[in-house]
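Engineer: Note that the protein sequences, when read in sequence, are chains A and B.
Our numbering numbers the first residue of the first sequence as 145 and each following residue consecutively.
Our numbering numbers the first residue of the second sequence as 145 and each following residue consecutively.
Quick caveat, the hints were computed from the structure, so don't treat them as lab data.
Keep in mind that this is a model prediction, so the values were computed, not measured.
Treat the hints with care, since some could be wrong.
For identical chains, the list gives no copy identity; a pair is met inside one copy or between any two copies.
Straight-line distance between alpha carbons at most 25 angstroms, and here's what the computed SDA-like set of lysine to any residue pairs gives [what the hints assert, rightly or not]: (1) Lys313 with Thr325; (2) Lys392 with Val197; (3) Lys392 with Gly538; (4) Lys392 with Thr649; (5) Lys313 with Tyr753; (6) Lys392 with Glu192; (7) Lys392 with Ser148; (8) Lys392 with Tyr753; (9) Lys392 with Gly705.
Number of protein chains: 2
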Amino acid sequence: MTRSPIAPVSPGRGRLRPLGLDEVRITGGFWARRQQINAEATLHHCREWMERVGWIGNFRTAVQPDGRIDRDRRGREFADSDVYKLLEAMAWETGRRADPVLDAAIADLTEVLAPAQEPDGYLNTAYGRPGQSPRYSDLEWGHELYCYGHLIQAGVAQSRARGEGELTKIARRAADHVCATFGRGGIERVCGHPVIEPALVELARLTGEQRYLDQAALFVARRGHGTLADIEFGRAYYQDDLPVREAKVLRGHAVRALYLAAGAVDVAVETGDEELLAAVVRQWETTVARRTYLTGGMGSHHRDESFGDDFVLPPDRAYSETCAGVASVMLSWRLLLATGEPRFADLAERTLFNVVAASPSEDGRAFFYANTLHRRRRGTALRTDTDSPRADSGLRAPWFAVSCCPTNVARTLAQLSGYVATADEHGVQLHQYADAEIVTTLDDGRAIGLRTRTDYPAGGVVTVRITRSTDRPWILSLRVPDWTAGATAWLVDPDGVRSPAAPGTAEVTRVFRAGDEVRLELPVSPRWIRADPRIDAVRGTLAVQRGPLVYCAESTDLPGGRDVDAVRVDPRTPPRDGPDDSTVTVAGELTEADEASEPNEQRATAWPYEPHSHPSPRPEGRTTAAGRTEIVLVPYRSWANRGPSTMRVWLPTTEPDTTTPTER
Amino acid sequence: MTRSPIAPVSPGRGRLRPLGLDEVRITGGFWARRQQINAEATLHHCREWMERVGWIGNFRTAVQPDGRIDRDRRGREFADSDVYKLLEAMAWETGRRADPVLDAAIADLTEVLAPAQEPDGYLNTAYGRPGQSPRYSDLEWGHELYCYGHLIQAGVAQSRARGEGELTKIARRAADHVCATFGRGGIERVCGHPVIEPALVELARLTGEQRYLDQAALFVARRGHGTLADIEFGRAYYQDDLPVREAKVLRGHAVRALYLAAGAVDVAVETGDEELLAAVVRQWETTVARRTYLTGGMGSHHRDESFGDDFVLPPDRAYSETCAGVASVMLSWRLLLATGEPRFADLAERTLFNVVAASPSEDGRAFFYANTLHRRRRGTALRTDTDSPRADSGLRAPWFAVSCCPTNVARTLAQLSGYVATADEHGVQLHQYADAEIVTTLDDGRAIGLRTRTDYPAGGVVTVRITRSTDRPWILSLRVPDWTAGATAWLVDPDGVRSPAAPGTAEVTRVFRAGDEVRLELPVSPRWIRADPRIDAVRGTLAVQRGPLVYCAESTDLPGGRDVDAVRVDPRTPPRDGPDDSTVTVAGELTEADEASEPNEQRATAWPYEPHSHPSPRPEGRTTAAGRTEIVLVPYRSWANRGPSTMRVWLPTTEPDTTTPTER
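Excised from the complex, chain A in its bound form (with noise of 0.2 angstroms):
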């Protein structure tokens, strides 16, 4: 293999070419603070709390002399693949800016795990020790080729970001034995968990070693075939009910079929498998136009964390689970890195704003693990000093004890910059907007410098200076993302010549010299959006976007303590900006019907139904409007910093109720 940026996926063909986190810098605005919260807290509060939890203890005590690993094991199966996230955080937050503290808590962290490897490479703190099940006498839910997948992308992110480490060789050990026990002839079954897939191709393509691609490989052919077994949640649970390049959409656990869709992607680029990528490809598309929340979210289902049904997308039932956002996100840029389409790159910018950012904490020490889209009860504030249970509070957790969330935002975040922009043999691409510095060089050689300046999301106006360029001509392209439809986007060119760009791609093709600015106007004032009357959870309500950020109703912002189940919004006047930059505000009134968090004894007891065409008296109160007021909004993803509250993004209409037609 001939180049291997310091990028998150580096493909050896494709449309376009990633760049790496050193060609590629947020210097400012709102995914540089996240960066820079990500690296100074988030890091040091996943290691902190892997330590109390007894997580990384756990490769301590497996090569005890005296261990009783089986014993005095800590947390959940999978619980070593969250120290390997961590360390794949940390390893590209090392490629993103020179830190010698990092080097070190990375060789530290990498010694503690060393000695836990087998000789065969085997490297896996709850199986194959004495008093332990056996290894691989349990795929399904065991986990371990689950845990070598993290194992590699760590070891992969190691070698572009500094070269090739210690952990870089554990990674390559765990892939050797890996194919010497999964390969034709071995164990032909497939991990219950799918990960190893993408970070084998990873890694073949940092080592250019085929095998580790042939195993990838193998594993995406295999599922589908049955090699699970048929548990409670049927085999879609694991994707192994159909293979890969037969199915029209993605099902079953939603972070375990966009980690496999991830692979299979990697695997139809690096075999040229245009079957295969076509098939996800359609997946994608099927999964996006039915079964994604507006947030960009995916799953609707708690009891499995799986999608749901085409159009069973519940708001007050969202899980929308933050990994499957960060999966999401792969997803979505291993298909535009394939086929140069923009509509990836808009779906990955929805899923960073909305559910990627909405996980962590303005503080970055607590996260949500599942993001609905509607909460009617106050959460309990919770302790800092214990985890919680997984999905099921209104207030963001310092750790949980299925904690995978925490280090995924971590690995997705220091790996920002890696999304912004690609390169091909005629320019530059750029697709995700912040203040950045851009410097790489065209397929052919010529050296080319960029500086976007933008307060996008907050703002729409994106200036890209040229810093360095060439006496030939090359095509800077812009995305126009996709929420401008129905509005008008404006690219400036150096000349001051101002045209429309529609949703897609505006490009300027020109000799660019230094000092040139190419300007994209986008258009971010706050809309009205509908659902598909197919949604069936939101009919009669309206949603409001901003750029890309979605928006909701939260109670912290409502007069006298009101809970958000009493907004009832006027979709005949346009929400406009609020009071700040990033709040909006909308017309409407707020009900009466307030008291949903504490049952209010005097209306507790009516039946909820009654018959239409005899309208009998509503309880006092229950519709009444409060009169007409102002509404502020404030972007879903900063919910829930300001103390327990209510919240809804999808927000009734104060239309006439459609159900009752005869009073009017």
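Got chain A sorted already, so can you dock chain B onto it with the hints?
Structural biologist: The following block gives chain B in isolation, referenced to the frame of chain A:
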């Protein structure tokens, strides 16, 4: 105790006195048919399946001298309980009608389990033997007391139906063991799954032994004090978060919550604890007003089979477990006996017709575990020879890995005539309407006979003929169901005088003579039903109810293979009776949005959210009406008896979309 009728519940005090299965017989109509199928098909079906899956065999294995129960035991930890519930169903069936074959079957089955009871009364095939976990080592999930609860209920049923037998003795020994082990100074904790509480009170009622009541009261009083671990679902899952008398609403696992509440009522009634009774009444009220589906179904969370927050009642994610319906009837019946208030019979009726009767197939050999109110995807035909995951099918299944519902339905149907009528010192009260023969004595010893004739719920006329009376006046009370609100019911007395009857209770007081007839005329015309606007998930839709029956659209009845999501109904036209007794016809349209079950690739790729103020063209046909049509609805309880189908109870209206007012 002075009286113990062949009745499912026999309180020592309370407003109303239950009548036994020998005093009330259902002689024809809907419920008679269900009782017949239950007796002729379901009981045998359950026995056969429990032999096949080894749950009965567990008792045999447990006592084999060379047995390996720890290795060979089959089924979940609570499998014993289904054997007991089947025994209870069989026992009530023998109380309903003499059946020597069934007597012998009970004796046979009792002989299987008797040897497994240990000398101290302990009886459970999952714990305590070599290689198994110790007794009571996992009160959270072990279900040992839960199994006793069902064993004791079976023993009580046997004793009431046929006189004390071996099963009753086994149950008493188990109860004695519970008192010895869990009394004061013993294990001062509770079981993770309530049901021992009502069972012990019933045993106290049967035997007159105070200590059973005391132990039940202890269990009720202990609950809510955190004697069980704080699990991932939280202590609310098993109601150990709050003392029963402090709770405001039912919460956590629905079946657990309802069984516990039933037991608390039993304790309150027997101990004269008005505060405890009032607490449960309050919980019932709030739960019915805020956490109950139109069908009477309870529980919207699949993840932990629990109640959701107030008004979280999405039809397409309704769990509405069959057993929660059974448990809700148990609770409502107890509250009716305690208070005499007809609202409890109203909910019982709704739940019996729309949950309990919805679970079994027409042939009584397949069951719904969960009872969704909206099914978007056609179910897959199920094999009749393998058990099924518990909740995710669109078709009834013959058996489940967790198979609590078939035996729970069976025992409810066998005891059903016990819910039809009660007596007190003033007369007789009719609560549920069916063809029935009622013979009883009033508290003062007067003998009374009634015969009811009706084709309810198809028709609304109930004729009550006095077959035996005395020369003193007494009161015949008839429940006027809550669903008549807004229409007019009529009561016709023996002299032919017609009076309007408001929801609640209608009474005739006189010196009845044999041959006198009282007629109740209930307005069973179909009607639109609308929901409280706080139930977000059904905004903009209407349902249809006809008498106590909730109706649904099923794809089987739609032309051209349409799915139910194509249905739009016109709320300005009242629903009317359909082409046959059981159907209803509504006016509406069928949109083209009917491809939900199989992604149509041309329409699958649209992002399903769009700006409202600048409507972009919707994909062709997405909301195009195919013209006005008549749509046939069927009773909800009958759906999925004609092959795979899609189904919905709440039907979107044809009214202009509330989200597009600017287009008017």
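Engineer: A separate judgement is required for each hint: does it hold in the structure or not?
Structural biologist: Here is how each hint holds up against the structure:
1. Taking the closest pair of Cα atoms, Lys313 and Thr325 come within 25 angstroms of each other only inside a single copy of the chain (18 angstroms); across copies the shortest separation is 58 angstroms, beyond that limit.
2. Within a single copy, Lys392 and Val197 get their C-alpha atoms no closer than 41 angstroms, and across copies no closer than 36 angstroms, so neither meets the 25 angstroms cut-off.
3. Proximity of Lys392 and Gly538 under a CA criterion of 25 angstroms is satisfied inter-copy only: 20 angstroms between copies versus 34 angstroms inside one chain copy.
4. Taking CA atoms no more than 25 angstroms apart as the test, Lys392 paired with Thr649 passes in neither setting, with 28 angstroms inside one copy and 57 angstroms between copies.
5. Taking the shortest alpha-carbon separations for Lys313 and Tyr753, neither the intra-copy value of 65 angstroms nor the inter-copy value of 47 angstroms comes in at or below 25 angstroms.
6. For the identical chains of this complex, Lys392 and Glu192 are neighbours neither inside a copy (42 angstroms) nor across copies (40 angstroms), given an alpha-carbon limit of 25 angstroms.
7. Taking the shortest alpha-carbon separations for Lys392 and Ser148, neither the intra-copy value of 33 angstroms nor the inter-copy value of 61 angstroms comes in at or below 25 angstroms.
8. Only between protomers do Lys392 and Tyr753 lie at most 25 angstroms apart by alpha-carbon distance; the minimum there is 21 angstroms, versus 39 angstroms within a single protomer.
9. In this homomeric assembly, Lys392 and Gly705 come within 25 angstroms of each other (Cα to Cα) only across copies, at 21 angstroms, whereas the closest approach inside a single copy is 47 angstroms.
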